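Input sequences plus hints: build the corresponding full structure.
Chains as they are written, first to last, in numbering that gives the first Met the number 0: chain C, 0 to 130; chain Z, 0 to 234.
None of these hints come from the bench; they were simulated from the model. For clarity, every value in this text was computed on a predicted model and none was experimentally measured. All C-beta atoms in this analysis are idealised placements derived from N, C-alpha and C, irrespective of residue type, glycine included.
Heads up, simulated EDC-like pairs for lysine to aspartate or glutamate below, C-alpha to C-alpha not over 20 angstroms straight-line:
hint: 1; chain 1: C; residue 1: K98; chain 2: Z; residue 2: E167
hint: 2; chain 1: Z; residue 1: K214; chain 2: Z; residue 2: D176
hint: 3; chain 1: Z; residue 1: K192; chain 2: Z; residue 2: D109
hint: 4; chain 1: Z; residue 1: K192; chain 2: Z; residue 2: E167
hint: 5; chain 1: Z; residue 1: K150; chain 2: Z; residue 2: E106
hint: 6; chain 1: C; residue 1: K98; chain 2: Z; residue 2: D176
Calculated from the model, a selection of chain Z residues having no Cβ within reach of chain C, i.e. all distances over 12 angstroms:
hint: 7; residue: D46
hint: 8; residue: T98
hint: 9; residue: Q137
hint: 10; residue: T194
hint: 11; residue: A217
hint: 12; residue: R230
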Amino acid sequence: MIEQDYSLHILIAVGSFAIIYLWFLCYQIMRERIELYDFIVLSAVAALPVSFVAVPEPFQKLSLALGIGIPFILLYGMLFAVAYYFLIRLAMLVHQQRKMMRAVIQEVSMIGLSVNSGVCVKSSDTVKIDN
Amino acid sequence: MPEQTTSPILVIIPCFNESGSIAAVVNSVLALGSWFHPLVVDDGSTDNSYNIASTLCPTLRLCCNLGIGGAVQAGLRYALRNGYRYAAQIDGDGQHSATELSRLLQEMRDNGADLVVGSRYVQRSGFQSTALRRMGGQIIAKTIGLAFGVKVTDPTSGFRLMNHAAIELLAPQYPYDFPEPVSLAILLRYNLKITEVAVEMLERRHGRSSIHGLKSLAYMVRVLSFIVIARLRRQ
Numbered sequence: 000m001i002e003q004d005y006s007l008h009i010l011i012a013v014g015s016f017a018i019i020y021l022w023f024l025c026y027q028i029m030r031e032r033i034e035l036y037d038f039i040v041l042s043a044v045a046a047l048p049v050s051f052v053a054v055p056e057p058f059q060k061l062s063l064a065l066g067i068g069i070p071f072i073l074l075y076g077m078l079f080a081v082a083y084y085f086l087i088r089l090a091m092l093v094h095q096q097r098k099m100m101r102a103v104i105q106e107v108s109m110i111g112l113s114v115n116s117g118v119c120v121k122s123s124d125t126v127k128i129d130n
Numbered sequence: 000m001p002e003q004t005t006s007p008i009l010v011i012i013p014c015f016n017e018s019g020s021i022a023a024v025v026n027s028v029l030a031l032g033s034w035f036h037p038l039v040v041d042d043g044s045t046d047n048s049y050n051i052a053s054t055l056c057p058t059l060r061l062c063c064n065l066g067i068g069g070a071v072q073a074g075l076r077y078a079l080r081n082g083y084r085y086a087a088q089i090d091g092d093g094q095h096s097a098t099e100l101s102r103l104l105q106e107m108r109d110n111g112a113d114l115v116v117g118s119r120y121v122q123r124s125g126f127q128s129t130a131l132r133r134m135g136g137q138i139i140a141k142t143i144g145l146a147f148g149v150k151v152t153d154p155t156s157g158f159r160l161m162n163h164a165a166i167e168l169l170a171p172q173y174p175y176d177f178p179e180p181v182s183l184a185i186l187l188r189y190n191l192k193i194t195e196v197a198v199e200m201l202e203r204r205h206g207r208s209s210i211h212g213l214k215s216l217a218y219m220v221r222v223l224s225f226i227v228i229a230r231l232r233r234q
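Structure representation (structure tokens):
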């Protein structure tokens, strides 16, 4: 187990990154470019390193408990977990959006046909998108 | 013919840039009689396909290309909305002979199948595709056989007839990628009955298949994965 003490120097560097990064996220959320939930998930990328440097003892104990020799590996593992969670969530959203887009295109084509030729299409039906 | 007097059959003709053949295909369906209702689904063609088809029969125009799965699904949704008990699918490139639809209907009536596939490999007559494609088709057929315990010879055939149960099941979840074999797997997962009948297929009159070169390999990997997923998923 490698004990790691973090100097004020490192704390300032990591804290500065966190402030700039969170400010950037806040700017995006204010412009309605990301959702609040995404903001919370993405802010973990700043919160984890800051916590890791500010209060290293719990992370060192957790590393020890998990049998990870270098606590930094734990930090990278956590960051990767956050990133992959976000990626999977994005992939699911994209898949859902594609299904919806296709359904809308199909509905529009049926409405177009009914308008052009008077063929009956039940407009009250709703399109079910399976998850 | 199943419920011939009360149930017309919607013939879905997916079409993408088939201006050279679409009129002949639609006319061959119209020639079968008034119980066969052709529906062309123009999948975002950039040529004159829509204009030609829309003068002959109802034509859905998709504003952009969704692929064969999206086009057929639009037709199935149309069938469901308009109360069709039966829907057939034939290609817009002229590979399938509409007159053979009667054989599919006969098979559905005789064996109570939910979906009848027109297979070019039951009797091995007519256009037989390339050796590589046949081998790919056989691998997919064997995989479906292993996964579901049924024998299919031509899982990639786009010449098929389905009843209301199959339409209802597939309309909301018709696969977009490589839909023919994957839709078979979905139907089998829900214990619907699939049979095949021998048909002759012709060489396409115009255009080129979208699956060639390295795409064929990707096609195989994805189709086999989808079949396994369909087998594992809950009903």
